[in-house]
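Asker: The lines below spell out each chain.
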Amino acid sequence: MNIDLPAGVRTFSRAETFEIKQIIKKINNVFEQWAYEEIKLPFFEYLSVHSRGLDEEITGKSFKIVDRSSGEILSLRADFTAQIARYYSSLKNKELPKRYYYTGTIFRYSPPKGDNLWEKVQTGIELIGSRSLEADAEVIAVASQSLKTLDIKNFQIDINNTRIFSTLKELLQITEEEYSAFMEYVKNREIYNLKRFISKKNIGGSLKDFIIELPKLQGNISLINYLTDKYSIKGITEIFNQLNQIYSILKEYELSEQIVFDLGEPKEISYYTGIVFEIFIKDFKKPIGHGGRYDNLISKYDGDVPATGFAFDVLSMWEYLRNSNLIREKNYKDFFIIDITPDKKLAYRLGKHLREKGYKVGRDIINRDFKESLRFAFNNRYKKVIVIGLDSTEKSIYIYSTEENFERKSIQEFLKEV
Amino acid sequence: MDKKNITVALPKGRLFEQTIHIFGKAGILGGEVKTDSRKLVIEAEGFNFLLVRAKDVPTYVEYGVADIGVAGDDVLLESKPDVYKPVDLGIGACTIMVAGLPESKEKYFSNPTSLKVATKYPNITKDFFSTKGIKVQIFELYGSVELAPLVGLSDFIVDIVETGRTLRENGLVVIEEIQPSSAKLIVNRASYKTKNKTVMDIIDKLEKICM
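Each protein sequence line maps, in turn, to chains A and B.
Start counting the first sequence at 1; every next residue gets the next number (the working numbering).
Start counting the second sequence at 1001; every next residue gets the next number (the working numbering).
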């Protein structure tokens, strides 16, 4: 009998699910401390609507089905930000700013190899309504505080401004086709191809130097200061100033140590229009989050409102936290009740009472030797086991803390203690 | 200085020797790296070298087991890994070609709608012919590709050609050039950012001698 799953999906065990949920809970607590409010978004969208906020590439990767009644093509959610842009456009009351957060799964096809999954768990925020760098800095600060809450200390936030690339496009005066080849070289950091491109296009002076240097322009604030002095290229200087400004806000948030500028990094998703960032952890080989400004996205639906946001890749974070032994919580339950009396009335009453006090209480519902029930309880992360009816008198109960060790108590005594 | 903590994935064989030579010339490595043909991991001067099959190098680098690696364009175009490719090392130069029997040339250039192609590079083949709008039936082989047109498995082959000797010896000719290929330094995206100083030092040194 085939009991296999499709290539790009997996199940998470009870313990794994618990760990992932803890991570999300802690992050969402931080989001709420910053006054972000949760919204729940649908799994399905019309492809023609959803794709307005997506790249061609991501649209291509989205999972599609046909609507039975209308024949329209539906898409499983491929991006939260596009969904929120659509949702915001639909609002009657557009009082600004809006602070939203979300948690859930996005669905994107990837070739079934390595640890590629079709379902990616994300939790993130969107801050709608502000064009200012303060908004960009707030989003980065929320991300950083979330990481600190999870005891992740050695992270770095790689910041760039995607306007570098649109400015270069104007300065180079190249066709769309040349621009996409150029951006391919930038994305792959093919320095040799950038050099060839520059010499073919007969570009000289400081613009040439800047483009060739671009893949290597990584560093802290001193890099930006150095570049501001070295280059005076129309439009680019202004971008350096912006990076400088966001740095001084982030310094107030005590994040200067974590900030790295990486000017050669274009964003994968084309809706970004300004400050963008990606979050890395030293000695971990995947980014764990990314975000940025998307001032033109909402206008693809309705309205013209600036916005910024970011999302964590929850499963990558979980992988890191797990490998680094940073997850301490286990999903313990407090009591397991085994009642060997025929009518089980005491078990019901005791269970109800303990639950009302806030304990997690399970009861054995399988008829077996009580030693077996004990083994089951401790194998399944119950902290204590209460056995009723071991004595001929029901007045005393046995409280096991391991399979061998127990205390015998009267019910009154026990209830007084808990 | 020896605390580099950098893992390098290199293809076994000639490309390994050439890479070590270039690393020496660039001043990245001070001395010889001794290879024992059975060893898969070699430690030298703070580097960890992983000796793997050429086609496997991108996998080791993409998933971050290795920080950097060396791979030819043929391998990179075939597997399209998400890695950076900052330096053209200029070694392992060859050309990715369409080849076939001389008498097949006419068929190739007479607006064919469908062609049979044998290759070790199914993705490169598909990409190349799809931009031409020609439907190809691909026969994926793992070696001795030149045999396919001789025995009638396919009309053409797509393969890398260095000197053209193997083609000539089998009576095949070049039909069309797809693109030149040479070995590139590839870098894991996260390592490029989190081990920036060390990685950049390697890139700078290699650029000085490879440009």
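What the hints contain is simulated information worked out from the structure, not anything from laboratory work.
Hints are supplied without guarantee of correctness; some may be wrong.
Straight line, CA to CA, 25 Å or less: simulated SDA-like cross-link-like pairs of lysine to any residue [said to hold, decoys possible]:
1) B/K1195 with A/R77
2) A/K216 with B/S1130
3) B/K1205 with A/Y192
4) A/K216 with A/R196
5) B/K1195 with A/D313
6) B/K1126 with A/K216
7) B/K1126 with A/T59
8) B/K1080 with A/S316
9) A/K25 with A/F107
10) A/K267 with B/R1189
11) A/K282 with B/K1197
12) A/K267 with A/D302
13) A/K25 with A/R196
14) B/K1080 with A/R99
15) A/K148 with A/R99
16) A/K216 with B/G1013
17) A/K286 with B/P1081
18) A/K282 with B/T1163
19) B/K1208 with A/F155
20) A/K216 with B/K1004
21) A/K120 with A/E319
22) A/K267 with A/R77
23) A/K148 with B/F1047
24) A/K286 with A/R196
25) A/K153 with A/E319
26) A/K187 with B/F1109
27) A/K120 with A/L326
28) A/K286 with B/K1208
29) B/K1205 with A/F210
30) B/K1195 with A/F107
31) A/K120 with B/P1081
32) A/K113 with B/E1106
Counterexamples of contact, computed for chain B against chain A with all Cβ distances above 12 Å [as the list claims (entries may be wrong)]:
33) N1005
34) K1012
35) I1042
36) T1059
37) Y1063
38) K1085
39) D1088
40) K1116
Even for Gly, the Cβ is constructed at its ideal location relative to N, Cα and C.
Asker: Are the hints correct? Go through all of them and say.
Answerer: Each hint tested on the structure:
no., hint, result
1, B/K1195 with A/R77, "35 Å, violated"
2, A/K216 with B/S1130, "35 Å, violated"
3, B/K1205 with A/Y192, "14 Å, holds"
4, A/K216 with A/R196, "17 Å, holds"
5, B/K1195 with A/D313, "22 Å, holds"
6, B/K1126 with A/K216, "34 Å, violated"
7, B/K1126 with A/T59, "22 Å, holds"
8, B/K1080 with A/S316, "22 Å, holds"
9, A/K25 with A/F107, "22 Å, holds"
10, A/K267 with B/R1189, "13 Å, holds"
11, A/K282 with B/K1197, "13 Å, holds"
12, A/K267 with A/D302, "24 Å, holds"
13, A/K25 with A/R196, "50 Å, violated"
14, B/K1080 with A/R99, "38 Å, violated"
15, A/K148 with A/R99, "21 Å, holds"
16, A/K216 with B/G1013, "31 Å, violated"
17, A/K286 with B/P1081, "14 Å, holds"
18, A/K282 with B/T1163, "44 Å, violated"
19, B/K1208 with A/F155, "32 Å, violated"
20, A/K216 with B/K1004, "19 Å, holds"
21, A/K120 with A/E319, "13 Å, holds"
22, A/K267 with A/R77, "20 Å, holds"
23, A/K148 with B/F1047, "32 Å, violated"
24, A/K286 with A/R196, "31 Å, violated"
25, A/K153 with A/E319, "16 Å, holds"
26, A/K187 with B/F1109, "36 Å, violated"
27, A/K120 with A/L326, "22 Å, holds"
28, A/K286 with B/K1208, "30 Å, violated"
29, B/K1205 with A/F210, "19 Å, holds"
30, B/K1195 with A/F107, "32 Å, violated"
31, A/K120 with B/P1081, "20 Å, holds"
32, A/K113 with B/E1106, "40 Å, violated"
33, N1005, "9 Å, violated"
34, K1012, "22 Å, holds"
35, I1042, "22 Å, holds"
36, T1059, "8 Å, violated"
37, Y1063, "6 Å, violated"
38, K1085, "5 Å, violated"
39, D1088, "4 Å, violated"
40, K1116, "25 Å, holds"
Violation of the numbered hints given earlier is confined to hints 1, 2, 6, 13, 14, 16, 18, 19, 23, 24, 26, 28, 30, 32, 33, 36, 37, 38, 39; the remaining hints are satisfied by the structure.
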